[in-house]
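Please model the complete structure; the sequences and the hints are all you need to start from.
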Amino acid sequence: MAQSTEVPGVDRPNVVADLALEIEHLRRALVSRDVIGQAKGILMERFKVTADEAFRLLVAASQHQNIRVAELSANLAGTGEWSGPVPEH
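Here the sequence shown stands for residues 1 to 89, where the numbers follow this note's numbering.
Some hints here could point you the wrong way.
[Said to hold, decoys possible] Here are the simulated SDA-like pairs of lysine to any residue, each with C-alpha atoms no more than 25 angstroms apart in a straight line: (1) 48 with 60; (2) 48 with 64; (3) 48 with 37; (4) 48 with 65; (5) 48 with 75; (6) 48 with 62; (7) 48 with 78; (8) 48 with 77; (9) 48 with 86; (10) 48 with 33; (11) 48 with 63; (12) 48 with 32; (13) 48 with 80; (14) 48 with 79.
These are calculated hints, taken from the structure and not from any lab test.
Structure below.
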């Protein structure tokens, strides 16, 4: 006789949907992290700053332009154009 794999009180379709949503969020997070890393690298090379300083530039520009850091990073990585702050040396 086969045993049931059902867990009392757990709605299986909702669990599957929740897991699928979590997987999609994690995929987007990985893509965002990658493109933010690319943008940081561009700023590090262009302005000769550290990774932390480059990230601070991204955050400052993101807040000033009212767009997400990932979106700003994607624009920078895709076009090479930077309209954010320029660090003072």
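How the hints compare with the structure:
1. 48 with 60: With Cα atoms ~17 angstroms apart, residue 48 and residue 60 stay inside 25 angstroms; holds.
2. 48 with 64: holds (22 angstroms)
3. 48 with 37: holds (15 angstroms)
4. 48 with 65: holds (23 angstroms)
5. 48 with 75: With Cα atoms ~20 angstroms apart, residue 48 and residue 75 stay inside 25 angstroms; holds.
6. 48 with 62: OK: residue 48 and residue 62 at ~20 angstroms, within 25 angstroms.
7. 48 with 78: holds (20 angstroms)
8. 48 with 77: Measuring from Cα to Cα gives roughly 17 angstroms; hence the hint holds.
9. 48 with 86: holds (11 angstroms)
10. 48 with 33: holds (21 angstroms)
11. 48 with 63: holds (22 angstroms)
12. 48 with 32: holds (23 angstroms)
13. 48 with 80: Holds, because 16 angstroms separates the two Cα atoms, which is no more than 25 angstroms.
14. 48 with 79: holds (19 angstroms)
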